[in-house]
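J.: Under our numbering, the first residue of the sequence shown is numbered 1, with each subsequent residue one higher.
It is worth saying that the hints were derived from the structure and are not from the lab. Where a beta carbon is used, it is the ideal one built from N, C-alpha and C, also for glycine.
Each pair of labels, with its calculated beta carbon distance range:
#1 E78 to K56: 31 to 37 Å
#2 S31 to V107: 38 to 44 Å
#3 E90 to K56: 28 to 34 Å
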Amino acid sequence: MAILSKNLKKTDIEKRLTIPSKSLNSFPPLSDNHMVDFQVKDETDRVWKFRIYTRKKNNKYLKPVLTKGWREFVCSKELSIGDRVLFYKEKELANAVKYRVKVEKAVKSSYSGAYYFYKNRMKTEQKQNHQYILSNTETEQ
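Assemble the whole structure, with the sequences as input and the hints as a guide.
T.: Quick look at the structure:
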């Protein structure tokens, strides 16, 4: 089960990944300077180094974000708005990466474009058929 599943927004693509505060306790504990570096493996077993950063702990709203390494990941995976990232926590093993990340690309719907193309194509074919019928009628006379 994913510890974090998020559809990416503009800020997530261009700057940093914002993390819901409720998901923060599923990631490694923060250090005294309200950040933690950790490693994550992707679907190809490539290891990525990320940093979670929050506001100071005495602040009511921590606003956790994934900063260091995130933009490199976004660019490498060619992520865009609407794509989804999922983070998983694996069983803890000695000296092993404990987290995984999976990317799900958004399906770009071209239904309306396909419908428009189909509709125009049908009109064109109907015109051509009508012209063909007219031309055949004229030659028969």
